[in-house]
Amino acid sequence: MSSRSDIEAPSSPSGLDGGSALDLHLWKLPRGRHGLPAELVTRSQRERLLAAVVQVAADKGYLACSVADILKAAGVGRESFYRHFSDKEDCFIAANDMLVDNLERRVGEAYEEPGAWTERVRCCLAATLAWLATNPDVARVMIIEMGTVGPIASVRFEQTFSRLTALLGDCPDLVESAPGLPNIASIAAGAVFAGVYDKVVSGNTAELAELLPQLTYELLVPYVGEEAASAERAVAAEQTEA
Amino acid sequence: MTKDPESPGEADVLTPTTPLDIGARAQEERILRAMAKSCAEKTFSGTTIADIVGNASISRATFYKHFANKRECFDATTDAFLTELRFAAQEARPGGEQWDPDSIRTVMAAILQLLAAKPDHAQMLVVEAPNVDPEIVRRYRDLVIEALKAQRQTAKATHDGADPELAFGRAKVLVATYLSAGKVEQLPSLLPELVYIALLPYLGQEGALEQAQLDR
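Residue numbers (my numbering), protein chains in the order written: chain D, 44 to 285; chain C, 1029 to 1244.
Note that these hints are calculated values from the structure, not bench results. Don't take each hint at face value.
Each pair of labels, with its calculated beta carbon distance range [stated by the list, open to error]:
{"#": "1", "chain 1": "D", "residue 1": "Leu-106", "chain 2": "C", "residue 2": "Phe-1115", "range": "32 to 40 Å"}
{"#": "2", "chain 1": "D", "residue 1": "Pro-225", "chain 2": "C", "residue 2": "Arg-1114", "range": "27 to 35 Å"}
{"#": "3", "chain 1": "D", "residue 1": "Gly-104", "chain 2": "C", "residue 2": "Glu-1057", "range": "27 to 35 Å"}
{"#": "4", "chain 1": "C", "residue 1": "Gln-1118", "chain 2": "D", "residue 2": "Arg-121", "range": "54 to 62 Å"}
{"#": "5", "chain 1": "C", "residue 1": "Ala-1104", "chain 2": "D", "residue 2": "Ala-159", "range": "47 to 55 Å"}
{"#": "6", "chain 1": "C", "residue 1": "Arg-1167", "chain 2": "D", "residue 2": "Ala-209", "range": "32 to 40 Å"}
{"#": "7", "chain 1": "D", "residue 1": "Glu-156", "chain 2": "C", "residue 2": "Glu-1213", "range": "18 to 26 Å"}
{"#": "8", "chain 1": "C", "residue 1": "Thr-1090", "chain 2": "D", "residue 2": "Val-198", "range": "31 to 39 Å"}
{"#": "9", "chain 1": "D", "residue 1": "Ala-280", "chain 2": "C", "residue 2": "Ala-1104", "range": "44 to 52 Å"}
{"#": "10", "chain 1": "D", "residue 1": "Glu-253", "chain 2": "C", "residue 2": "Asp-1170", "range": "19 to 27 Å"}
{"#": "11", "chain 1": "D", "residue 1": "Glu-253", "chain 2": "C", "residue 2": "Ser-1087", "range": "47 to 55 Å"}
{"#": "12", "chain 1": "D", "residue 1": "Glu-155", "chain 2": "C", "residue 2": "Glu-1234", "range": "29 to 37 Å"}
{"#": "13", "chain 1": "C", "residue 1": "Thr-1090", "chain 2": "D", "residue 2": "Pro-225", "range": "44 to 52 Å"}
{"#": "14", "chain 1": "D", "residue 1": "Thr-283", "chain 2": "C", "residue 2": "Thr-1090", "range": "32 to 40 Å"}
Keep in mind it's a predicted model, so treat the numbers as computed, not measured. Quick reminder that beta carbons are idealized off the backbone N, C-alpha and C, glycines included.
Between the sequences and the hints, there should be enough to build the whole structure, so can you do that?
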């Protein structure tokens, strides 16, 4: 009577991938006895809880939201929640980790494309800005709400930041162009974080893609100097207008 | 206030010379230190009035004589530290009003030293304040950027490559990653990076790197 096709699953199991990333209705189990394998039910519950905590924390703020709010948004029972997570913080951190994994994968894919290093870095930045711009809840959670979680937040921030900037270490011209700046990745990517932060805090997340040309320049200039960074900025400007 | 013929005049009240005033000021300083300590340990949202009162060894009633609530106390703590930073920056500038790469360097060095000397306060201002209210950061960001803009006006060469508005964010992220990694005592070693960040919008890549390398 029931089969897997009863679940209207989104193309990605996390439900946090595409433009309509947080549409919980995409990932609903049929009501009542559905005869689905227990493992599938459990996974679906967990993912719906993760999607729900992102949505609720973006709406109300992490500190103001309760487990009850998450349950309501996810359509999952309290008992099931505590089978997956020990508390609200645990659930929220798991959601953030999943989002970081997701972003890291997107950045990694853009980086694997053929082309010069500066070109590939521009593509990574474009992928990041586009993803955040189309998922304002995700942007708010990762950039702002994550900071309010508690002492663990600053540790996670540092880890996330170094994971996302690790690719910059491959710059072929690094040794020649900027000796004496051991924190060059922080300096370069710090401008990107600062630009994104300002847009998200002021509620203008949708405008993030407009920052591509200038942030391309800011990200590249410490590594490759003004001429090469300006050239890549010009390409980014064309890309943004197209 | 009670009408007492012996009480000091209005002007005297502003200068804490009576034992009572000195006591009140010392009390307030203890509260501010306790706030910074607790925020560093358990963040602002995790801090309770009981933590502050306990750390400062004062009564709850005394706390409320100074501050209406936790947020007011937090703001007073960040403001006091900002004043301290501004004062250290002024002291460090050799040429008074003149902004040049050398004065940028000495000011950055003074700020890093003070941040390293007061780890709780550094954590509170750089990591915690944006989480409590992004508006607090905007206040001190504008302060720094104003100083950088003044420097641009006196700089001979102007470059429109890097955006000065982003310089502050770069520096903040760099300092925050050091604090989060528990490397607060190494903050003064970031001087070349901060000199580079501050000068990049004004001197361009070559000039900023050259100035940064003077510190190595």
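Evaluated hints:
1. Checked against the hint of 32 to 40 Å, the pair Leu-106/D and Phe-1115/C passes, with Cβ atoms roughly 34 Å apart.
2. Between Pro-225/D and Arg-1114/C the beta carbon distance is about 29 Å. The supplied range of 27 to 35 Å therefore holds.
3. In this structure the hint that Gly-104/D and Glu-1057/C lie 27 to 35 Å apart at CB holds, the actual value being about 32 Å.
4. Under the hint 54 to 62 Å, the C-beta atoms of Gln-1118/C and Arg-121/D, about 57 Å apart, fit the expected range.
5. For Ala-1104/C and Ala-159/D, the hinted distance range of 47 to 55 Å is satisfied, since their beta carbons lie about 52 Å from each other.
6. A hinted range of 32 to 40 Å for the beta carbons of Arg-1167/C and Ala-209/D is consistent with their spacing of about 34 Å.
7. One distance hint, 18 to 26 Å for the beta-carbon pair Glu-156/D and Glu-1213/C, is violated here, with the actual separation near 42 Å.
8. Between Thr-1090/C and Val-198/D the beta carbon distance is about 34 Å. The supplied range of 31 to 39 Å therefore holds.
9. Roughly 46 Å separates the CB atoms of Ala-280/D and Ala-1104/C, a value that falls within the hinted 44 to 52 Å.
10. Hint check: Glu-253/D to Asp-1170/C, Cβ distance near 23 Å, so the stated range 19 to 27 Å holds.
11. Our hint of 47 to 55 Å for Glu-253/D and Ser-1087/C holds, since their Cβ atoms are close to 54 Å apart.
12. Restraint check, Glu-155/D to Glu-1234/C: a C-beta distance of roughly 33 Å satisfies the suggested window 29 to 37 Å.
13. For Thr-1090/C and Pro-225/D, the hinted distance range of 44 to 52 Å is satisfied, since their beta carbons lie about 47 Å from each other.
14. In this structure the hint that Thr-283/D and Thr-1090/C lie 32 to 40 Å apart at CB is violated, the actual value being about 57 Å.
When held up to the earlier numbered hints, the structure conflicts with 7, 14 and fits the remainder.
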